[in-house]
Amino acid sequence: MENGFIILFGLTMLYLSATSRLKAHVNALIVQGILLFLICSTGFSHLPILAIIFLTVETLIVKAILIPIFLNKVLKKTHSNRDTDANIAHFWCLLISSVILFMGFMVGVVDIPSLSMINPICFGIGLATIIISLWLITIKHNILSNVIEFITMENGIFLLSMSVAKEMPMLVNIGVLLDVFIAIYILGLFVSQINKELGDMEVAHLSDLKDCEYDD
Amino acid sequence: MMISLVLILPIIFCIVLYFLKNKTMNNILIIAYSFLHMLINIFYFVNPNLLGNNQYFALSSSNYIFYLILSVIFLATAIYNSGYLKILNNKFDNKKMTHYSIMILFFVLSMTGGILSNNLGLAWIFIEGTTLATAYLIYFNKTKHSIEAAWKYVFICSIGIALAFVGIILLTIATGSVNSLNYSELLRNAHSFNHFWLNVSFVFILFGIGTKMGLAPVHFWLPDAHAEAPSPISALLSATLLNCAFLIILNVYKIMMVADCVHFAKIMLLTMGFLSLFVTSVFLFHTTNYKRMLAYSSIENMGILAIATALGGVAYIALIIHLIGHSLIKASFFLTSGNVLELFETKRIKSIKALGSVDKNTSWLWIVSFLGICAFPPSMLFVSEFLIVKTMLVEKNYILCALFLFLLTVILYGMSKVVIKMIYGTGNEEKLSKAKANLSKITISMYAPQMVLLVLAFVFGLYMPEFLEQIIKVTIAG
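Line by line, the protein sequences give chains A and B.
Position one of the first sequence corresponds to residue 229 (my numbering), numbered consecutively onward.
Position one of the second sequence corresponds to residue 63 (my numbering), numbered consecutively onward.
The following block holds chain B by itself, in its conformation from the complex:
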């Protein structure tokens, strides 16, 4: 019942918005949907029977954490968006703003469907749906750069998703007599699958869905798309969409584990994970655009998730903690980048100096987000990366551990260089006064969500509440 509602209601909202074309309603319905999305979490704990799990969609221990992250980030983004919409409303007409809101609802609906799907084929369709919705959102500003970013995004991701589809076809060959793509059915019969076809299908699915997840070497769309999209969309892209893609890879990886093909899958994940860290460390060093820097950081963190998956054992706990921590902090970072962009009207790092003297709140959010994403204690990412390093040391993977720490240090240096340059220094007086004049655009709703997200990310790093600990345990067991 509730699951059907969370999937059907946004469609009704989209139809209402399409006919009303009202700027206030755009905001109200996005926030209403974000609260409904959150409400499902309460039902999950209080009365799971009311959720209405069925053979196609279900909220279970294995996907719940992904759903919870999506709910929290969507709620925070929706609140930020209410302030951001005021700025956009002054620039664009009713029709365009309605399309923007419809596409946000459609985007979140696709992600929700992808997470709740019990079926690999269905999850694939929803992931494809996210491409349709986000292509418009990336192209929203209709500039030469945004069309370039959207084109690359659509083209590369469509090819990736098509390759993932080839992987699904190969998986159906591997399954032999099993005539279903249902995860539980696949897991139940995985021991009888043909290993050759299963390995080949995993390669295609990893490369295909890995494109959407932003794993190197198939990450090329990500820095462009994340940098050109409006900031609330960048936050959703980075903090939730990449997770949805990762969930599919994780589910297929579980099938590989049961089928006893995990060694091959581990090598693939480790290779792509370390390649992602390497690509980030190289490109982040030269980047001139702070939103691209954040996008590269997303590639890095997806790489860390892939590495944690491959390591297994204690690293699974690290995996879930990293997933939560990255989503909370990266959403905050991207939303704050929206404030910086509104103040300075540029994405060029060189053009931004003395952010601290222009807007103290934004500069603090910028610094704390940076500390969080670079895993300074007590950030959740410190805990997760510490556990990953510990797992590597316990398993005597000293070379991998050294490489991991080296690449993280290079990335830390690259990011800190940019953040310090932006916060301190003396900027051009004219630019600073213009930025100060833009301060009136930034409302309280464009600070508060990031503050809450960062508080959560740092508090959970110090103290893990029992319910969250329970969710992590259940997710690992599932």
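Isolated chain A, as found in the complex:
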């Protein structure tokens, strides 16, 4: 059953690629959080009970509840609705994301001997999520979009870490939590400050510092 959840998780990345509404991006994050929670609870019984409790509680509370609430607050505060200035049209965005996701899916389907120690579908979709997120970061111009894609990348990394069938050290779980903390605390804090300082959320306004002449 967890494979179904993993594929659904991958499909949320296609939704993210095809929409410019930031509210929809946050909703996709909620869905990803819930799916990660379901993946943790159903497919990883080989882990110690403490690790399962930690992972499930972390994914449900932090990824599906806290981060979306926080991002919604920032959206309201900054009056941000859409990210319309992406470098590539939605159609191409969706097409390229689909190709990346398909390749990730193929990693999971094709029998590769060196992948024997991992859950291939989890690994493939996790890797595809990371690549799609990184790609979306490079083509989008809104700071909030970039933050959301950073969080989806973290979700992809989380999925990737769960693909390793052997018992993962607790430290890695703490590491994931710390990344989430960065997403909320630093990125969130800076988003508000940038909005206060620059008036809107365009990345283009953050390009004053360069090696040619500028006022200091």
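Derived by calculation from the structure, the hints in this document are not laboratory data.
There could be a bad hint or two in this list.
To be verified - Simulated DEER-style distance windows between Cβ atoms:
id: 1; chain 1: B; residue 1: Gly-540; chain 2: A; residue 2: Phe-330; range: 38 to 48 angstroms
id: 2; chain 1: B; residue 1: Lys-479; chain 2: A; residue 2: Asp-436; range: 17 to 27 angstroms
id: 3; chain 1: B; residue 1: Asn-116; chain 2: A; residue 2: Ile-280; range: 26 to 36 angstroms
Stated by the list, open to error - Computed cross-link-like contacts, DSSO-like style, restricted to lysine-lysine with a CA-CA straight-line distance of at most 30 angstroms:
id: 4; chain 1: B; residue 1: Lys-83; chain 2: A; residue 2: Lys-424
id: 5; chain 1: A; residue 1: Lys-438; chain 2: B; residue 2: Lys-153
id: 6; chain 1: A; residue 1: Lys-301; chain 2: B; residue 2: Lys-206
id: 7; chain 1: B; residue 1: Lys-498; chain 2: B; residue 2: Lys-422
id: 8; chain 1: B; residue 1: Lys-153; chain 2: B; residue 2: Lys-204
id: 9; chain 1: B; residue 1: Lys-204; chain 2: B; residue 2: Lys-85
id: 10; chain 1: B; residue 1: Lys-153; chain 2: A; residue 2: Lys-424
id: 11; chain 1: A; residue 1: Lys-438; chain 2: B; residue 2: Lys-204
id: 12; chain 1: A; residue 1: Lys-305; chain 2: B; residue 2: Lys-204
id: 13; chain 1: B; residue 1: Lys-328; chain 2: B; residue 2: Lys-316
id: 14; chain 1: A; residue 1: Lys-424; chain 2: B; residue 2: Lys-157
id: 15; chain 1: B; residue 1: Lys-483; chain 2: A; residue 2: Lys-438
id: 16; chain 1: B; residue 1: Lys-206; chain 2: B; residue 2: Lys-498
Stated by the list, open to error - Chain B is nowhere near these chain A residues, computed Cβ spacing over 12 angstroms in every case:
id: 17; residue: Met-229
id: 18; residue: Phe-233
id: 19; residue: Thr-247
id: 20; residue: Gly-271
id: 21; residue: Ala-292
id: 22; residue: Ile-297
id: 23; residue: Leu-303
id: 24; residue: Lys-304
id: 25; residue: Thr-306
id: 26; residue: Asn-309
id: 27; residue: Leu-322
id: 28; residue: Val-337
id: 29; residue: Ile-367
In this text the structure is predicted, and so the values were computed from the model without any measurement.
For every residue, glycine included, the Cβ atom is placed at its ideal position computed from N, Cα and C.
Following the hints, position chain B against chain A.
Frame of chain A, contents of chain B only:
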């Protein structure tokens, strides 16, 4: 015992500072922590049993030199900071100054944890901790430029650190049945690791941690962040934080060596090293901001460290000497840039002329730091770069050697052009008199640390004391 103390005490200090919100205590506790940090070095030599090494944190032959550098630079910066705080205290309120001091303690704690970590996962967490602390410090001045620099720093480094985490996950796949990220455990079993996954994981770790280390092509945050941070923070960022990131790369490289995957790792390191030199030589030529110039110089020196690691052999000695020399000289250079900034109130190279006539001490420190960083003999960097060139010639890598020397010459020309322009010439009378009026801000504690650091960097270039020679030998063996 002592290791636990050096990791727990700053947390207690932070809590005390948070509740006291007292400007004098800020200074006292930062200096107290820097002395405690230094004290550990004495225990390392006198009675290592009292250090209290454990499975998570240990001071051993392989990481000791990194710890020693951090201690020395932190002590020098803390002394400089005591003078710098007097200037900041006049500008900012108690609350902000307390946050500044807390973040410095948290920053040094994270670096210390990163160096002492026996475990790759734990080292990764501490490196992430440094991002949290320094983001606030880079944004300290709360200007449009500082928020831009801090944003780029946080965003790029977070992505880098996340990629490094992917590398760690891939490493756990490579390790097969080994269920640990402990360095000694990994080294012991490295021969049985899956080569494909190990190579892939090294790429991710090198790019991820290399972002933090400032290696090209993932260096973009570095010139902005180093230029916008307050000068003592720039000194710590450049002279210690980059080393912490390098230590992680070095530890993973050792695993690659034992696993017999070193050829691939060498190519990666050489590519990024030479790319760093190339980027520096191009951008340094056009830079208009002297703090950015120093930041680019850090990228150059990180590139040299990567090249020395890849070359191996005698270049390992060069690597350690370069590590020490760069940290001592670059810290001095950045701290002196703080004096220049306080005097002229600008970072623009064009706006600074006749520094020599405004403040002789600062101008001498500026010149000597420049001579040191450009590897003029008897600077330690001369010794290290000479050894690197020698290794290249012995191994008959003539093209690499020529490229290395060419890029260093271009960088030398770019830097000397800026330094000479700033020291000599006739400036605007009004600006000069304003700069002279600012001279009263610069206290003795804003000269002395740089003098000591430079003396060490040049004396060690001429004569290497036995204890330092021993440390270098042990580090290479470790």
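Quick rundown of the hints versus the structure:
1. Checked against the hint of 38 to 48 angstroms, the C-beta distance between Gly-540 (chain B) and Phe-330 (chain A) comes to roughly 47 angstroms, which is consistent with it.
2. Lys-479 (chain B) and Asp-436 (chain A) have their C-beta atoms about 25 angstroms apart, which keeps the hinted 17 to 27 angstroms range intact.
3. Between Asn-116 (chain B) and Ile-280 (chain A) the C-beta distance comes to about 28 angstroms, which sits within the given range of 26 to 36 angstroms.
4. The suggested pairing of Lys-83 (chain B) with Lys-424 (chain A) holds, with an alpha-carbon distance near 27 angstroms, which does not exceed 30 angstroms.
5. Between the alpha carbons of Lys-438 (chain A) and Lys-153 (chain B) the distance comes to roughly 27 angstroms, so the proposed pair stays at or under 30 angstroms and holds.
6. Only pairs whose Cα atoms come within 30 angstroms are accepted, and Lys-301 (chain A) paired with Lys-206 (chain B) is accepted, the gap being roughly 23 angstroms.
7. With a C-alpha separation of about 11 angstroms, the suggested pairing of Lys-498 (chain B) with Lys-422 (chain B) holds against the 30 angstroms cut-off.
8. Taking the CA atoms of Lys-153 (chain B) and Lys-204 (chain B), the gap is near 13 angstroms; set against the 30 angstroms cutoff, the hint holds.
9. Between Lys-204 (chain B) and Lys-85 (chain B) the alpha-carbon distance is near 20 angstroms, which keeps this suggested pair within the 30 angstroms criterion.
10. Our distance criterion of 30 angstroms between C-alpha atoms is met by Lys-153 (chain B) and Lys-424 (chain A), whose separation comes to about 22 angstroms.
11. For a cut-off of 30 angstroms, the pair hint linking Lys-438 (chain A) to Lys-204 (chain B) stands: about 18 angstroms separates their Cα positions.
12. For the hint linking Lys-305 (chain A) to Lys-204 (chain B), the alpha-carbon distance of about 20 angstroms falls within 30 angstroms, and the restraint holds.
13. Of the pairs offered as hints, the one joining Lys-328 (chain B) and Lys-316 (chain B) holds, with about 11 angstroms between alpha carbons and a cut-off of 30 angstroms not exceeded.
14. Taken as a hint, the Lys-424 (chain A) and Lys-157 (chain B) pair is honoured in the structure, with Cα atoms around 21 angstroms apart against an allowance of 30 angstroms.
15. Taken as a hint, the Lys-483 (chain B) and Lys-438 (chain A) pair is honoured in the structure, with Cα atoms around 21 angstroms apart against an allowance of 30 angstroms.
16. This hinted pair checks out: Lys-206 (chain B) and Lys-498 (chain B) have alpha carbons roughly 28 angstroms apart, not beyond 30 angstroms.
17. Even its closest Cβ contact with chain B, about 24 angstroms, leaves Met-229 (chain A) beyond 12 angstroms, as expected for a residue assigned away from the interface.
18. Residue placement check: Phe-233 (chain A) keeps its beta carbon more than 12 angstroms from all beta carbons of chain B (closest about 20 angstroms).
19. A cut-off of 12 angstroms between C-beta atoms confirms that Thr-247 (chain A) is not in contact with chain B; the least separation is 22 angstroms.
20. Residue placement check: Gly-271 (chain A) keeps its beta carbon more than 12 angstroms from all beta carbons of chain B (closest about 17 angstroms).
21. No beta-carbon of chain B comes within 12 angstroms of the beta-carbon of Ala-292 (chain A); the shortest separation is about 20 angstroms.
22. Once the 12 angstroms rule is applied to beta carbons, Ile-297 (chain A) is consistent with being away from chain B; the minimum gap is 21 angstroms.
23. Residue placement check: Leu-303 (chain A) keeps its beta carbon more than 12 angstroms from all beta carbons of chain B (closest about 18 angstroms).
24. Residue placement check: Lys-304 (chain A) keeps its beta carbon more than 12 angstroms from all beta carbons of chain B (closest about 21 angstroms).
25. Remark: the non-interface label on Thr-306 (chain A) is consistent with the geometry, its nearest Cβ contact in chain B lying 15 angstroms away (cut-off 12 angstroms).
26. Non-interface status of Asn-309 (chain A) relative to chain B is upheld: no Cβ of that chain comes within 12 angstroms, the nearest being about 22 angstroms off.
27. Every Cβ of chain B is farther than 12 angstroms from the Cβ of Leu-322 (chain A); the closest lies at roughly 23 angstroms, confirming the non-interface assignment.
28. No beta-carbon of chain B comes within 12 angstroms of the beta-carbon of Val-337 (chain A); the shortest separation is about 19 angstroms.
29. Under the 12 angstroms C-beta cut-off, the non-interface status given to Ile-367 (chain A) relative to chain B holds; the minimum distance is some 15 angstroms.
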